[in-house]
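Full structure from sequences and hints, please.
Protein chains in written order, with my numbering: chain A, 1 to 249; chain B, 250 to 480; chain C, 481 to 752.
If you are wondering where the hints come from, they were derived from the structure by calculation, not from laboratory data. Please note that a few of the clues may not be correct.
Stated by the list, open to error - Some but not every residue of chain B turned toward chain C, in silico, with C-beta under 8 Å:
no.	residue
1	GLN340
2	ASN427
3	VAL429
4	SER442
Glycine is no exception: its CB is placed at the ideal position from the N, C-alpha and C atoms.
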Amino acid sequence: MFDGKGNGRVQAQSLPLRLRDLRFERGGQRLLDIPALSIAPGEPTLIMGPNGAGKSVLLRLLHGLEAPTSGQVLAGDAPLDEATRRRQAMVFQRPVILRRSVRANLAFALHGRRMSRAEKADRIDALLRMARLSDRAAQSGRSLSGGEQQRLALVRALATEPDVLFLDEPTASLDPGATQAIETLIREASATGTKIVMVTHDPGQARRLGGEVLFLNKGHLVEQTAVEPFLDTPATDAARRFLRGDLLV
Amino acid sequence: MSALSVSLRLILSGDPDLWEIILLSLRVSLFAVLIAALIGMPLGAALAVGRFPGRQVLLVLLNALMGLPPVVVGLVVYLMLSNAGPLGVLQLLYTPTAMIIAQVLLVTPIIAALTRQAVETLNEEYADQLRSLGLSRLGSVPTLLWDGRFALMTALLAGFGRAIAEVGAVIIVGGNINHVTRVMTTTIALETSKGNLSLALALGLILILIALSVNAAVALLGTTAQRTAYV
Amino acid sequence: MRFLRSLAIALAAMVGLTGAAAAEAPFIIVQSTTSTQNSGLLDAILPQFTEKTGIEVRVVAVGTGQAIKNARNGDGDVLLVHAKPSEEAFVTEGYGVERFDVMYNDFVVVGPASDPAGVAGMTDAVAALRRIAETEAPFASRGDDSGTHKAELRLWDAAGIDAAAASGGWYRETGSGMGATLNLGAAMGAYVLSDRATWISFGNKGDHRVLVDGDTRLFNQYGVILVNPEKHPNVKAAEGQTFVDWLIGTEGQAAIAAYKVDDQQLFFPNAD
Numbered sequence: 001m002f003d004g005k006g007n008g009r010v011q012a013q014s015l016p017l018r019l020r021d022l023r024f025e026r027g028g029q030r031l032l033d034i035p036a037l038s039i040a041p042g043e044p045t046l047i048m049g050p051n052g053a054g055k056s057v058l059l060r061l062l063h064g065l066e067a068p069t070s071g072q073v074l075a076g077d078a079p080l081d082e083a084t085r086r087r088q089a090m091v092f093q094r095p096v097i098l099r100r101s102v103r104a105n106l107a108f109a110l111h112g113r114r115m116s117r118a119e120k121a122d123r124i125d126a127l128l129r130m131a132r133l134s135d136r137a138a139q140s141g142r143s144l145s146g147g148e149q150q151r152l153a154l155v156r157a158l159a160t161e162p163d164v165l166f167l168d169e170p171t172a173s174l175d176p177g178a179t180q181a182i183e184t185l186i187r188e189a190s191a192t193g194t195k196i197v198m199v200t201h202d203p204g205q206a207r208r209l210g211g212e213v214l215f216l217n218k219g220h221l222v223e224q225t226a227v228e229p230f231l232d233t234p235a236t237d238a239a240r241r242f243l244r245g246d247l248l249v
Numbered sequence: 250m251s252a253l254s255v256s257l258r259l260i261l262s263g264d265p266d267l268w269e270i271i272l273l274s275l276r277v278s279l280f281a282v283l284i285a286a287l288i289g290m291p292l293g294a295a296l297a298v299g300r301f302p303g304r305q306v307l308l309v310l311l312n313a314l315m316g317l318p319p320v321v322v323g324l325v326v327y328l329m330l331s332n333a334g335p336l337g338v339l340q341l342l343y344t345p346t347a348m349i350i351a352q353v354l355l356v357t358p359i360i361a362a363l364t365r366q367a368v369e370t371l372n373e374e375y376a377d378q379l380r381s382l383g384l385s386r387l388g389s390v391p392t393l394l395w396d397g398r399f400a401l402m403t404a405l406l407a408g409f410g411r412a413i414a415e416v417g418a419v420i421i422v423g424g425n426i427n428h429v430t431r432v433m434t435t436t437i438a439l440e441t442s443k444g445n446l447s448l449a450l451a452l453g454l455i456l457i458l459i460a461l462s463v464n465a466a467v468a469l470l471g472t473t474a475q476r477t478a479y480v
Numbered sequence: 481m482r483f484l485r486s487l488a489i490a491l492a493a494m495v496g497l498t499g500a501a502a503a504e505a506p507f508i509i510v511q512s513t514t515s516t517q518n519s520g521l522l523d524a525i526l527p528q529f530t531e532k533t534g535i536e537v538r539v540v541a542v543g544t545g546q547a548i549k550n551a552r553n554g555d556g557d558v559l560l561v562h563a564k565p566s567e568e569a570f571v572t573e574g575y576g577v578e579r580f581d582v583m584y585n586d587f588v589v590v591g592p593a594s595d596p597a598g599v600a601g602m603t604d605a606v607a608a609l610r611r612i613a614e615t616e617a618p619f620a621s622r623g624d625d626s627g628t629h630k631a632e633l634r635l636w637d638a639a640g641i642d643a644a645a646a647s648g649g650w651y652r653e654t655g656s657g658m659g660a661t662l663n664l665g666a667a668m669g670a671y672v673l674s675d676r677a678t679w680i681s682f683g684n685k686g687d688h689r690v691l692v693d694g695d696t697r698l699f700n701q702y703g704v705i706l707v708n709p710e711k712h713p714n715v716k717a718a719e720g721q722t723f724v725d726w727l728i729g730t731e732g733q734a735a736i737a738a739y740k741v742d743d744q745q746l747f748f749p750n751a752d
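Below, the structure written as structure tokens:
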């Protein structure tokens, strides 16, 4: 369904996502300090690290929800701007479902896009099928279960066929079945060319999704490596301790 | 109690004068609330999401305006609309329109302040998601108002309650003219001044009944919304 | 959206009723006093005028002082009040065209049946007030610059008593209309100077009754004045003049004489 999407020129504008001399402070505290980072198109990028490492803040900076205290966020070769932002999408840990029907939640994401009524309806139907919510379309979005709400939030984020999809621990509060459904959707999106940038605390999930890991600790980027070597042979002490501690929990 | 039986008899008699007064009360207050909502809701929502210098001062001012004394509002509107005043040419004094204007001034701050609160709460949940979907702060106002619609019913109710029960402003700018600007509250004031206390009390009971029905209707709407998870 | 639309339609329907009333018959606004309205006189006689002339009369009933101020602002076409000196000043200053006597009634001193000051049956109003002041029996005054209030102040003056000095003590200024003051007087057993018309038609008399009347100084004259269109061009001079002419003419005078409450005539026409 997402054809016209592998278009290299479009991706070139949204990606790579790069940070240059980036610092982010709040209330006098430095939360993030990353001299250089590049996130390339392709396989998912998974952001890991202990609590307070700056994972969510990094995601929000990349999506333009926060502005850096100093330094730059670049998309392609240009600073992140409103036009590029519109080709990004984000799913939050707790899904924000509008107080409307399931279908209206999806229509909301398409509002203002240049599409005919029929095109929009077709797109929404396809998204409903993807999320396996076709029979719930007329229901209030907020009457869905937690897992269903997150599926709805995810396909809503995909409605505009974004080049980049940010996910902030989307399965943190879900049971294994619901988690599996979300991961399937993420893999499908990735397979059709959407770049996945996702915060996760779950090494198993990282292994299942594959790609690369950005390991953050105390606001610094400590490692950027492929998932398997990161999990099996972490290069830094911090990563080792994190993985050991997290697995023990 | 005699007032109770008087009010029952009044309602059952279908007295055309009484109905005229009730309808005018509803018309004036509902129209005033409608206009106040059209002004107050976007204003309150903009104050909730906006970040600009002087915002805090505006919020304090708005909250203070909620307690505007009706008589003062009535007096100000009278001075504006009087033939000796700047808007005298409009010939609006002693008309229902003048009463609506006075009530709009009284009700708008209430609706705006309550809207501000409701929208601010909702925005804490929505802000990131709406930004993510490409909406600006002000651009998200219609969405916040629509999704907060059931919470905003409370703001409308508070405004309606103030409008329908208010006498100080409407009696000055309306003049309590029989068949023209006489509403429930000014009739109650008139009957009290005639010493017809049980009739005045009976009219008061009818007024309470009206307010009660309106509130009940809205509560019912809210319950339905809650059951279908739109709140 | 469906919800908003139905709300809008409902409101539009309510407001639509206002629109219907917009195309209306000619009308005038009469600034008058609570006594003419509360006594029911205007409700009784105005329909006769409207039926004859097709002119609707909208009455704003406030205290005489307020009525004169409103008329000064041009917020009325005709002034119908009862405070002759103020009315004459109104005309002299050019706000009114000409003043005509319309009718009179009289003031009465009402008070509790127990009559602590012992004024029952007196016909000398000034002496009665003096006795109330001497015994410091509670007295409720309008205190609102109305015609009745002005009449009361003239009586205190004649009695040589500075009632205002006792304000807050036995002398209570309500700052409200006749009815509100009577309600208060009935509740606290205070003497009140009232116009007879309002008193007769008043519904909450309690154990109060008329104790003093019949003094010529209690005479209460009503006058009618057309607001000067040269001061305020919006004044509906033709319609207003029609009303003044009717009120002081045979028909209006007869209508006033015919109005009775409990078989008592409340106002006595005395136009020239």
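Interface restraint verdict for ASN427/B against chain C (beta-carbon cut-off 8 Å): 7 Å, holds
Going by Cβ atoms only, is GLN340/B closer than 8 Å to chain C? 7 Å, holds
Interface hint compliance - VAL429/B to chain C, C-beta minimum distance less than 8 Å: 5 Å, holds
Mind checking the CB of SER442/B against every CB in chain C and telling me if the closest is under 8 Å? Holds. Min distance 3 Å.
In the structure shown, no violation is registered for any of the earlier numbered hints.
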